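Q: Given the structure of chain R, go ahead and fit chains F and X onto it with the hints provided.
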Amino acid sequence: MLTKVNKILFGADYYPEQWSEDVWKEDIRLMKIYGVNTVILSVFAWVKIQPNEDEYNFEWLDYFFDLLHRNDMYVILATPTAAQPAWMSRKYPDILPVDIQGHQRKHGGRLNYCPNSSTYRRLSGNIANVMAERYGNHPSLIMWHIHNEYGNYCYCDQCAEAFRSWLKNKYGSLEKLNQSWNTLFWSHTFSQWEEIEVPSHLNEILPGALNDRDGTNFQGMAIDYKRFMSHSLLECYENEMDQVKKFSPNIPVTTNIWDVSNRLDLFKWGCSMDLASWDNYPSNLDHYTSISFKHDVIRGLKQGNPFLLMEQTPNQQNWQHYNALKRPGVMRLLSYQTMAHGADGLLYFQFRQSIGACEKYHAAMVPHAGHENTRIGKEMIQMSQELVQLGDRILEARSTTKVAILMDWSIWWGVEYSSGPSVDLKYSEQLQHYYRALNENNIGVDLISIHDDFSKYDMVIGPVLYMCGEMLSERIKTFVTEGGTFMTTFFSGIVDDRDIVTLGGYPGNLKDILGVWVEETDALFPDMTNEVMIDSKGPLQGTYECHLICDIMHCTTASVVGTYGKDYYKGTPAITENKVGLGKAIYIGTELSEELLRKLVLQYCGEKGIEPLAPYQKDIEIVQREKSGKRFTFIMNHGDEDKLVELPIGVFADMLRDQTVEGAISLTAKDVLILEQVIEN
Amino acid sequence: MLTKVNKILFGADYYPEQWSEDVWKEDIRLMKIYGVNTVILSVFAWVKIQPNEDEYNFEWLDYFFDLLHRNDMYVILATPTAAQPAWMSRKYPDILPVDIQGHQRKHGGRLNYCPNSSTYRRLSGNIANVMAERYGNHPSLIMWHIHNEYGNYCYCDQCAEAFRSWLKNKYGSLEKLNQSWNTLFWSHTFSQWEEIEVPSHLNEILPGALNDRDGTNFQGMAIDYKRFMSHSLLECYENEMDQVKKFSPNIPVTTNIWDVSNRLDLFKWGCSMDLASWDNYPSNLDHYTSISFKHDVIRGLKQGNPFLLMEQTPNQQNWQHYNALKRPGVMRLLSYQTMAHGADGLLYFQFRQSIGACEKYHAAMVPHAGHENTRIGKEMIQMSQELVQLGDRILEARSTTKVAILMDWSIWWGVEYSSGPSVDLKYSEQLQHYYRALNENNIGVDLISIHDDFSKYDMVIGPVLYMCGEMLSERIKTFVTEGGTFMTTFFSGIVDDRDIVTLGGYPGNLKDILGVWVEETDALFPDMTNEVMIDSKGPLQGTYECHLICDIMHCTTASVVGTYGKDYYKGTPAITENKVGLGKAIYIGTELSEELLRKLVLQYCGEKGIEPLAPYQKDIEIVQREKSGKRFTFIMNHGDEDKLVELPIGVFADMLRDQTVEGAISLTAKDVLILEQVIEN
Amino acid sequence: MLTKVNKILFGADYYPEQWSEDVWKEDIRLMKIYGVNTVILSVFAWVKIQPNEDEYNFEWLDYFFDLLHRNDMYVILATPTAAQPAWMSRKYPDILPVDIQGHQRKHGGRLNYCPNSSTYRRLSGNIANVMAERYGNHPSLIMWHIHNEYGNYCYCDQCAEAFRSWLKNKYGSLEKLNQSWNTLFWSHTFSQWEEIEVPSHLNEILPGALNDRDGTNFQGMAIDYKRFMSHSLLECYENEMDQVKKFSPNIPVTTNIWDVSNRLDLFKWGCSMDLASWDNYPSNLDHYTSISFKHDVIRGLKQGNPFLLMEQTPNQQNWQHYNALKRPGVMRLLSYQTMAHGADGLLYFQFRQSIGACEKYHAAMVPHAGHENTRIGKEMIQMSQELVQLGDRILEARSTTKVAILMDWSIWWGVEYSSGPSVDLKYSEQLQHYYRALNENNIGVDLISIHDDFSKYDMVIGPVLYMCGEMLSERIKTFVTEGGTFMTTFFSGIVDDRDIVTLGGYPGNLKDILGVWVEETDALFPDMTNEVMIDSKGPLQGTYECHLICDIMHCTTASVVGTYGKDYYKGTPAITENKVGLGKAIYIGTELSEELLRKLVLQYCGEKGIEPLAPYQKDIEIVQREKSGKRFTFIMNHGDEDKLVELPIGVFADMLRDQTVEGAISLTAKDVLILEQVIEN
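If you read the protein sequences in the order shown, they are chains R, F and X.
In short: position in the first sequence from 1, add 34, done, that's our numbering.
In short: position in the second sequence from 1, add 34, done, that's our numbering.
In short: position in the third sequence from 1, add 34, done, that's our numbering.
Hints are computed from structural coordinates only; laboratory data are not their basis.
Be careful, since some hints might not be right.
Pairs of lysine-lysine residues, derived as DSS-like cross-links and limited to a Cα-Cα distance of at most 30 angstroms, are as follows [unchecked claim]:
#1 R:Lys412 - X:Lys604
#2 R:Lys38 - R:Lys204
#3 R:Lys204 - F:Lys125
#4 F:Lys604 - X:Lys677
#5 F:Lys652 - R:Lys604
#6 R:Lys412 - X:Lys600
#7 X:Lys642 - X:Lys490
#8 F:Lys618 - F:Lys436
#9 R:Lys336 - R:Lys280
Computed from a predicted structure; not experimentally measured.
Same shape as in the complex, but just chain R:
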């Protein structure tokens, strides 16, 4: 993909426009000390480049581009369209957005424009065009970085107009729209397109409402607005992408995704990115598996192709409530964790720390002290030297797991907007609960779209597969019939993609595949628990706490794996297993304890011959990538204590230290091993 590059990218955002030429020279010197090979430029430089509509100012950027070129560094060039200049907001007030509370906003901040403003589209397209014409063939340019962290919604009249057009295009007729949104409920039938308002707080949340969540009157409409907003922003991205492709068709284009959030349908975005990239800003309190989860989501956007980490901080952040320091070794640990999950490049935000405004206390490679003689400086230098040592050996290596978890943004939105059964039922948490069970078992996972090919996998897990139309259920049926193991949970198969309930009993289209019928769904209060009891002899045997939701169900063709231990549905099935064709479908009616879920996935993986790289060891993560007959194993100690780690079977070359290892090895807290091994056939 990055045809010009045969090494792991290592570098940072840099803002030459914020510094004097003296500082530039010092920074080139420091970049070399730090081993930087790639610099991201002009992320927020719009007003610097275009101080008014008719004037451009590129001298500084020309100069800095060449300076980097002379010093053998690559450039990732950003279009600066995430923050429009003040002159633009004043000249074209239609650019300013309306927020979800219905307030017309004023100029200030960033991501503060309407994605459906034709003026914004015109001016952002223009700046992309001008920059691409000027730099598209510069020898240092290796990638386009469109905009920065899309995700800004708007509720203005322009958006309302565009939403109606989008709906006309989607539904064809008001009759079909009315059906899809079930508008006969509460007398909401629309008889003119113009009657449709955008779902802001001005028509969604009544002050004092018991359920204070937005989007919960007509979920079908609210979900469509999410789809439309994600689509509108994607149009903004593609509008710029089209410009840069005109001038540099072979330079890959991406945008740095902000977190795995519910604001963008990332699988759709993946289709328009040449390679996926994202910004990783965990808290010190996050469990490592939640970070791994996000990496694997991003890898899934391009079906497993290597991705890029566009931003992470060398040390503390500034915008969390408590901006704790990254402990010694953690920057390195998180960097290798990123690579373990498929990244071929590690960029940091930012090279030199700001002197003013809201990010001035965010860490950088070069802190306010202004030199490299710091703990973080030493860690950065060690990091870059190790990357040089690794060379191109791992580049383009891929995950080869046989286990996939299904993820879908419409489901996320549907579950989020659902009025009932429980405000504590969060789609992303449920996905991560399953992900964690596999990740802690040292079993690789692909996060895939419901439209992706299932046949590559032996096991597919769809937690909270809330929306499940016939096409999806048919694909799952085929997968199971042909021998796959499918696992799903409560609140699955409930609706189709219009958020209209599939009648005939839950879990709807999945009922036959799973061999169960769910009669009722109990929502537990936060301080309540139930139990799952497993009687069958074997590793699963025991009694385990469960939480959140308890489906009360009947087996039609399924057999019972575990039963509830309490309440009026004591003794009824909590976990079931159904044999269909050559495969199996497992239904889990409640939120299992981590321990039981870990045992359960291990058992079902085992049945399919999917073995963990090593047994579960608290805080130890083991992940593999493969390429050209070689297997690269990353072993990471996320804990605060040194551990004797049981290695996967085989003899390995330690890529960072001159040694071979096998059996078990002592791994210091926060340390990483990267092992190379020839795959035996």
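A: Chains F and X alone, transformed into the frame defined by chain R:
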């Protein structure tokens, strides 16, 4: 009242407009299986009936009316005015309301109109007229159900104009208004009516204010706005009622009250309803006495006449945070609890569960599975069969208690808006605290207005009788002088109905009746308590925790019942008793523990010969209704354990099982006994 | 200052406009019983005085003025401009403000005007002029009380226009403004003054932002807006002051400061007040040192001149969540605490309790009962009698401490707006943490501005001296070099007064003076702690918990006093000491426990010969004032238990009881001793 009907109503809301004719037929079949005898129609069908201003569409409703008639089912017909069609909001934007934050709202949701919009009044009156003309004499029609769950406030310019007119009418002159609201405070004297603004957040809450409650600058004004809003909505109701009365003067008219809330002055509404009805949606965490309290408030709206439960859910709700299932037997238990407190009809929301939009996870008689073979289905069928067994025997039976609790909405508003003494002092909670003591003692209670006749009762309790003008205090004095027992608490007699303090010492006009003078009122922090010590030998003797408020008082003519146990007012009176004429007046200066309050009301009831039906037994509720020389006793086990229940004295016929009972009987958790007994004279 | 007066002022706010003449006469009688010598008039009487633009109504005020004069009472006369009349808001809607959420407000409440409205300036200036002309030379008048509790911000277009003018005046050019606010960050460079918007929520807070604090995009701008708002309100004050000075140049002018808040730069306000005054409304839960702190801040506004307590409540408040009573003796205790810290007058809010509107449950000298025969009445009478006993002996006496704490409002704003390191880092709390250590040690403290003279002190403490430009650091250096002890903490020396980081390493300009370099700043999560270990033998030795922030630092020339006990920076310096010239500079890198901080300041004070008046005794406060060779010692027991209190060395005359005391004395809970002593030279 329901002259056409001689059985307990049993049925549900149904929305034929949301289903195809196939489903209608299946649903008639299911209604018969369930024993439904009454169906509520067209609650939200405005757009279906009137797709634009000049067109009506009644065929479907004609058809369904007749279908029900052919199947011997009654119809409660709703005017569909709780949610205007989208075309109406667009054609007449003056219908759209302004919320308390001052935001003009857009079309969406329900209860989203301005109650003072003349257009809304015209169009809602019109649809009521048209429907009454068409169906007013239909043989199946047994009741009008106006609108749905009134309670929507508005703060628009139309409301401001109407508010000023209402004030002119109430006060006659600005001088009197200025006096009543004490506007010389903070230079607020109005010199023109037009200067009066409605009390929205735009003039009430300053961002960052320490006390973030609205309505707290000029309480007199804020209370008047509540009165005005309740009145405006009542005008909306009466506007429609007048239309339907024209065509069907003998069909009773009601509206389904949403909860016992502080948004409507329900006693005023009671005057305009032919019979009271309400919607009962408790949480599984609510104590049974809080539900009984609400039933008794509703019964009080028509001075003890039987009421109707217009809505309850067969199983879970969808709009609470945790929508737990109703446990087995609970639907039945809550239904009989409703009847025990005076209902002659039980309707459920709804018959068939929605397929889309925000209530799709709310339970229904027919769930998404689409059939009756469910736990809930079986419970509904048992319920209707038992009701058939009960026949008309209980219909029109009434409570005959000698104990009343005073309730008043202006007091509710006054206490809610009061700046001081404690944000934790909530009027409704204090009423329920006293109600609970009686209810748990198995002593019946009437909830009555301060304007109702006291002479029917031997004991009248007025907790937090904050507003007490001379007329009310005179009536209380007469009641006590003639032999009644009156009991009241802290924060009573403070102001008149303008919210102007009665000078000369607390509790104002009640001072002489109570024989105490309250010098100071201490507000306890949430983690603080004091104690009440009762030295006199007898059942009250002991030391009990007290909370929230401690009045520091002096007895003038009263004698001391209990004293404080701590703090600088240790040893001073906490509870006093004053003999006046033939009666007694008790003052309780603090929030007593449940235990002490239960003992205290028992003692004072006993003095008046008011005996509990049976002694207090945790979770056991015993309630009676009487009619034509017969007494019906409902015995309910609200707990989770089977209990041996001590019965009232006498021999009873068990109306649901073929047996007579006396003494004590074992009652399963959630089970109910309904006993018939001839009253001996 | 108060040339007409030679006694301690004792009195209250009174609102004759709210009462009839009958009540006036009764109140004069009661004032005499209470010993009132001073009455504050017309605080909110604007509409009474000026019922429309062309009419004045002074008869009532003339009458009352003379009534007080005849009864030998002084008048403090307020301009009534804190709440404009309703007719004014309606006639001149430009007076109404826009709140921080961007909402145009309606008439209602108080402090509800735009400080930059030229109409408001004209009309408030006019009423001050008219009142000064009429009463400026009245023999009873002793002071002007301008407005009431300034602090209302506005975000309207008039303010935006005035802000731009203020900025033009401050910066001269957009180029300088852009540099100062670092606007190249996020493409925010302004090219026209008109592009600058005021920092309301409409451009600052994005709904759903992770960091939900306002003012955090461009801190330089937000701090400037605070400076501008404080300045705008000060202009309002001076606009009125100028009017009253025309007619009564010798009558001192003040305004009653509402709390020590971050809304006004009080040191700037102090310059325009003839004497400082404020309103003291602590909660029962406040520690006594936090009240002392505020008194000392107010005293500092006029460089130690005696101040006036313009308001405190005789008993409970009404606007707190839990309005507990003042316990017996507490009103007296708080009153003497006020005098101990420098007040020469004690006024109460208010004389007679309101009958309506939001303050009706706020205590007064005369409660709703209407007489003086109450606990509070007795306490007030005792108080005034004691003040008569004290006579003029203490008047004009001053603090003579050698210890100062630096306070600065720009720092407060800068720390408050800072994005990072921790939301729990609050400037005012940190100041109070150091203040408490000294106050509990019975060592007097002056709170001084960074512009005040340091040379009067032997020890200067600047906690969180976040903004420290070169001028300030030079002054500190001089102070230390010449022998002073300077102490500061983490998050000091970070930026200049533009909020632009001082490069080269923290603590910036203070690095050399302190002899340390701070490499990293760790923010602890709320449930985390670290430890400070002090090994050196002596009173400091031990291990102490520390919190919030841990600076990780290197000593350049400093020596280590204490080290961290945990985490990866265990053993590195936590407290350091640097000898510079004749003095010492101490750096404290973390939030110390109260115990350690108390020991630490004691040690460093001791080195400078600053001795505590008596050793630390929990709940006992000892404070001194001096005048003309006499020393007045206030000894207060803030606890709930009687204590044997160790006195300062010497023999003292007890000013309230006829006795001399020395050594130790038993002091009842809440009691006060005031001791007189001749200073021996």
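Q: Take a quick look at whether Lys38 of chain R and Lys204 of chain R sit within 30 angstroms of each other, Cα to Cα.
A: At roughly 41 angstroms apart (the allowed maximum being 30 angstroms), Lys204 of chain R and Lys38 of chain R break the hint.
Q: Against the 30 angstroms threshold, does the CA-CA distance of Lys412 of chain R and Lys600 of chain X hold or violate the hint?
A: holds, 22 angstroms
Q: Does Lys677 of chain X sit within 30 angstroms of Lys604 of chain F, going by the straight-line distance between their CA atoms?
A: Cα-Cα ~22 angstroms, so holds.
Q: Does Lys604 of chain X lie within 30 angstroms of Lys412 of chain R when you go C-alpha to C-alpha?
A: Distance ~19 angstroms between Lys412 of chain R and Lys604 of chain X Cα, so the pair holds.
Q: Keeping to a limit of 30 angstroms between CA atoms, is the pair of Lys336 of chain R and Lys280 of chain R held or broken?
A: holds, 23 angstroms
Q: Hey, Lys642 of chain X versus Lys490 of chain X, does the alpha-carbon distance stay inside 30 angstroms?
A: Between Lys642 of chain X and Lys490 of chain X the Cα gap is close to 13 angstroms, so the pair holds against 30 angstroms.
Q: Run the distance test for Lys204 of chain R versus Lys125 of chain F: straight-line Cα separation, threshold 30 angstroms.
A: holds, 26 angstroms
Q: Measure nothing beyond the straight line between the CA atoms of Lys618 of chain F and Lys436 of chain F; if it is 30 angstroms or shorter, mark the hint as holding.
A: holds, 15 angstroms
Q: Are the Cα positions of Lys652 of chain F and Lys604 of chain R separated by 30 angstroms at most?
A: holds, 26 angstroms
The structure is inconsistent with hint 2 alone, although it conforms to all the rest.
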